[in-house]
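Enquirer: Residue strings, one per chain:
There are 4 protein chains.
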Amino acid sequence: MKAAIAGASGYAGGELLRLLLAHPAIEIGALTAGSSAGGTLGAHQPHLPSLADTVLLDTTPEALAGHDVVYLALPHGRSAAIAGQLGDDVLVVDCGADFRLEDPAEWTRFYGGPHAGTWPYGLPELPGQREILKGARRVAVPGCYPTAVTLALYPAFAAGLAGPDVVVVAASGTSGAGRSPKPNLLGSEVMGSASAYSVGGTHRHTPEMEQNLARVAGAPVTVSFTPVLAPMSRGILATCTAPAAPGLTAAALREAYATAVRDEPFLRLLPEGAWPATSMTLGANTAALQVALDERAGRVVAVIAIDNLTKGTAGGAIQSTNLALGLAEELGLPFNGVAP
Amino acid sequence: MKAAIAGASGYAGGELLRLLLAHPAIEIGALTAGSSAGGTLGAHQPHLPSLADTVLLDTTPEALAGHDVVYLALPHGRSAAIAGQLGDDVLVVDCGADFRLEDPAEWTRFYGGPHAGTWPYGLPELPGQREILKGARRVAVPGCYPTAVTLALYPAFAAGLAGPDVVVVAASGTSGAGRSPKPNLLGSEVMGSASAYSVGGTHRHTPEMEQNLARVAGAPVTVSFTPVLAPMSRGILATCTAPAAPGLTAAALREAYATAVRDEPFLRLLPEGAWPATSMTLGANTAALQVALDERAGRVVAVIAIDNLTKGTAGGAIQSTNLALGLAEELGLPFNGVAP
Amino acid sequence: MKAAIAGASGYAGGELLRLLLAHPAIEIGALTAGSSAGGTLGAHQPHLPSLADTVLLDTTPEALAGHDVVYLALPHGRSAAIAGQLGDDVLVVDCGADFRLEDPAEWTRFYGGPHAGTWPYGLPELPGQREILKGARRVAVPGCYPTAVTLALYPAFAAGLAGPDVVVVAASGTSGAGRSPKPNLLGSEVMGSASAYSVGGTHRHTPEMEQNLARVAGAPVTVSFTPVLAPMSRGILATCTAPAAPGLTAAALREAYATAVRDEPFLRLLPEGAWPATSMTLGANTAALQVALDERAGRVVAVIAIDNLTKGTAGGAIQSTNLALGLAEELGLPFNGVAP
Amino acid sequence: MKAAIAGASGYAGGELLRLLLAHPAIEIGALTAGSSAGGTLGAHQPHLPSLADTVLLDTTPEALAGHDVVYLALPHGRSAAIAGQLGDDVLVVDCGADFRLEDPAEWTRFYGGPHAGTWPYGLPELPGQREILKGARRVAVPGCYPTAVTLALYPAFAAGLAGPDVVVVAASGTSGAGRSPKPNLLGSEVMGSASAYSVGGTHRHTPEMEQNLARVAGAPVTVSFTPVLAPMSRGILATCTAPAAPGLTAAALREAYATAVRDEPFLRLLPEGAWPATSMTLGANTAALQVALDERAGRVVAVIAIDNLTKGTAGGAIQSTNLALGLAEELGLPFNGVAP
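Heads up: the sequence lines are chains A, B, C and D, in that order. Sequential numbering of the first sequence, starting at 1, is according to the working numbering. Sequential numbering of the second sequence, starting at 1, is according to the working numbering. Sequential numbering of the third sequence, starting at 1, is according to the working numbering. Sequential numbering of the fourth sequence, starting at 1, is according to the working numbering.
In case anyone wonders, no lab produced these hints; they're calculated from the structure. Warning: the hint list may mix true and false statements.
To be verified - Calculated lysine-lysine pairs in the DSS-like style (CA-CA distance at most 27 angstroms, straight line): (1) A:K182 / A:K2; (2) C:K134 / C:K2; (3) B:K134 / B:K2; (4) A:K182 / C:K134; (5) D:K2 / B:K182; (6) D:K134 / D:K2.
Using the sequences and the hints given, assemble the complete structure.
Expert: Quick look at the structure:
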């Protein structure tokens, strides 16, 4: 199998390459970029010496043709046109937002412009989704925040243990904001500082979280979501709370989570008393998860740590790729992180 | 006026000294410590050359006697015995938890052991509290998290705009955990990582938040509180949400906040569109505050940034000191922070 | 006295404002900027609420006229034209590089273009320089690295204890690179990483270091200088070594340093056994200094920590301002830093 | 092949395990620890879920017996006794300092106590050393700083292009100081700060650097070495300078480096104009290297970045293991790092 990557000079592209270089069944083919085309990958991803001399091509259907898998790591709005020219037998995995939402009105509200469509959603852990991904030829990779929040709360909703008034605050490393230089993302600004942004229900990942949780709950769910920029390059730590079902006990809650993750290769319910840290998952495709019942406040509190670039983007993309291509779901994906 | 500091070798003690060195009406007297007694301050607070050669005394009533103000920055449980020997005319300002809670049962539940009593609560911005602090001779400095959360939400509760099901997630710098070396606080562990702790209603600051907000609301309030350790030395960024009152508009919400902070010297409601970052308040006694109405989720979302050591501990302590001593409330306290 | 600041929206400008806000004898007047003109300072320096609503003017001689002091914090090459229109009785303090070098050939070699001239060099600790600065009406603020390196080594050269083959490696926080967004200065790139730049004698501050040390030594000095970008916002830690004079003892070396700094208000020779950390000087106008004799390698090793924005730029500028205006040299300048 | 790790709960042990988990020819056997024995690995290395439930044994010869390879990651002074009981046919790889130095007097001077002996030095890139390591049954893994400095300068000394007066300043992440909690290693102390330590020729790695470079030079070399603690968890960035040989040109210098690294799998000479950053090597067994001729100062300046825990400790240990066991030198070792 041969894979092309469109958007190889960005952070998502770099992480796809890091993981694919270690994948035993996928070979790396064409790498494309926007304004960086014509140069070598080494100028943009100096941590990947194996590909230092690979020349970046322009992102065109021609450059991407002739591969079994094409990963799109592009700004939103650009994937549909490219995918349309790639042939239905090619697996196209979109790391952008274009095909995640089912409701066109929600798309337009949060992203503007017309909806491009909906592709199979690349979150195998979502109940029922693994079967949909097997053999798929189009995959919409979830957003990094929705990955974290959905994995944290689906066990509670699947077991009917949580109510629909969800509140999420998630701290993310700066790589989630991408590589375009903006003043507020300068090291001088972010080191030593935590800041909130897109507050009050305005973050584009909000409807995606609601879509996922409502599907599991079988009823509408609202999410009050606040993202926080933390002074670290990688990682998401999401604190997710929902009203506890009447009569819920801590033991029943934990049992539901233990059951939900039992056969999930990449979900780790931490031992009781341990709480997630993003360092537990740096560079790994795993999620570290813990849950508590706050009896005083009457809420389920689930906390999850993922690496936003691995499980939250590139690792999740390859996990779905494995399913789509009929490979073992875990193939080539790291379970163990890099720490300290 | 002459002030003694018990616990001068810790982080709270160091920040008290930094601020008092710039205070025009308070002179620094005895400095005491526990196991560091006998050495000089310079070995512990090398950023304070003005006091480098001051010898640390043992923390005894004798050492602390003869001062107009005594600051206690000690582990909880030790303040009552010392304060009892200091004379009723001495202003004793306790930076620890011993005298913050009004309900002895809550104290015992969260801290263990018998309750030492309740002192005037050192948060001047809490409605009605400023008058109580004028002339007080005992002050209980609020916890750093309750300072942030109370300042973020009291305008909404005072105006009747928020319901009692509060959810708070707050990211804190590591200095909030103090100076005792523990493996999980090593730089190698915390740099590059965010982690949750004391999840599920177990953090000791929870009942203090509820006490404050219930007082403003005139009715019980529950707080689901999750603290997050962020990879920075200083700062708290608290995201505080509560159900919006029926019919609440964004304009009415903002107006309530603008009114609440209008005459508050240290509270800054940011311009619309700007959101707090802890770097806005580093080293300053200010709080940077912003609020939004999440109409989709039906919640008020208030975000606040403070420096946990300044407004959250030592600066708040001096603000109350100024009131207690009949000085101008702002005297000697920095409005402007250190950035980037 | 009234001061104008040209370049108020950058990091040097922000630090000048932070310090001037606390200066008892200087009032802040016009603030000017380049592309940020027309907006308010609050959008650029949100840590300075005292000036949040001040409107930024265009950087023109008209805007800067009518002040007793004008600070120029501009890209190099622009100061001469502005200064020429400001009147000889106005104190003009240039935080840029234009007037630091005495040798026009060196200027052209390192900066390109014609040399604008030489102004009194704003490093009062340089032997003989304090007298020159008293009453000056033009001051060239030293570069941040030359400030650190000169203060670290002048005591050894002044006492004839060091030879001319100087090697310096200095780690700097990212604020030294300014506020223009560049990909390599993104938080994602700098957090968790140290990197070298301008290696091999190419950094523009090199001739300035040599000029200063040669003046003290009374003979030519070469400096092999390597700057390192460290993952922190502020601070320079410079390790400066030079061949030890024959027969030099550790005691004689320390004595020379102790003598040199004895009457210097802002230089701190640390106690034996303590070594500088940039956190000792964050936000303060001090330098923390230590020296050792490496007998094995035959070299003097001096290590110094400063805050690049305070003693290294804005604080140094104000220290020279005080001298030029006939004020006490220390007036309004912080001795104590912000830590942890 | 089966490997035991003594000291599995520390940082070096954790990195050995991370790498061995991905090694195709080595299976992980017994894990031992000191005070952590009896607990599970998961409590200490939560980033390694594959081994979360493995119980830590006491570090005894019995626990370590029956393995093909035994890694010792212990405080210095303890390895000889254990190795003496492990059998001459077992490969013992000591990550500590006990067997690195050849000169017993140097050992005693820098470490105190009697010298335990000298083992084959585990730096395959050192000219002639690769052959010595093939089939060895005892390996002394180099120190992290000597690894960096030797790799940076051996090409210059091997080609006779550098003189013996070496000056090195190296910034290291905090993991190099290990996991024992000390106040100066707290996150609050190290974040935002760079500091020097063991200045003036006192760092224990100094004689090891001199030993290596003198061997290549065929003549004595002195190293003035200053280590700097940088606010990052991992990585060493070493700036290494030495007097340039008379008549040396930049082209000849670069050619010597290009030749030296041509067949070295883990050494990367960066393209001209690019300079090393530790992020280029995070989690990888590679060294990123660049060299310049500072003609003005007459010095060769080589800068190198490695991951102190990977190439600087555990990766280097496995590289030598591969040679000793007759495996391909690169087997199981990552070339590509984790960034950003």
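Enquirer: Give a verdict on every hint.
Expert: Each hint, compared with the structure:
Distance check on the hinted pair: A:K182 and A:K2 sit about 35 angstroms apart at the alpha-carbon level, beyond 27 angstroms; violated. Distance restraint check for C:K134 and C:K2: the Cα-Cα separation of roughly 18 angstroms lies within the 27 angstroms cut-off, and the hinted pair is therefore satisfied. Restraint check: the Cα-Cα separation between B:K134 and B:K2 comes to about 18 angstroms, which is no more than 27 angstroms; the hinted pair holds. Of the pairs offered as hints, the one joining A:K182 and C:K134 is violated, with about 42 angstroms between alpha carbons and a cut-off of 27 angstroms exceeded.
A distance of roughly 34 angstroms separates the Cα atoms of D:K2 and B:K182; the hinted pair therefore is violated under the 27 angstroms criterion. At most 27 angstroms may separate the alpha-carbon atoms for a hinted pair to count; D:K134 and D:K2 meet this at roughly 18 angstroms.
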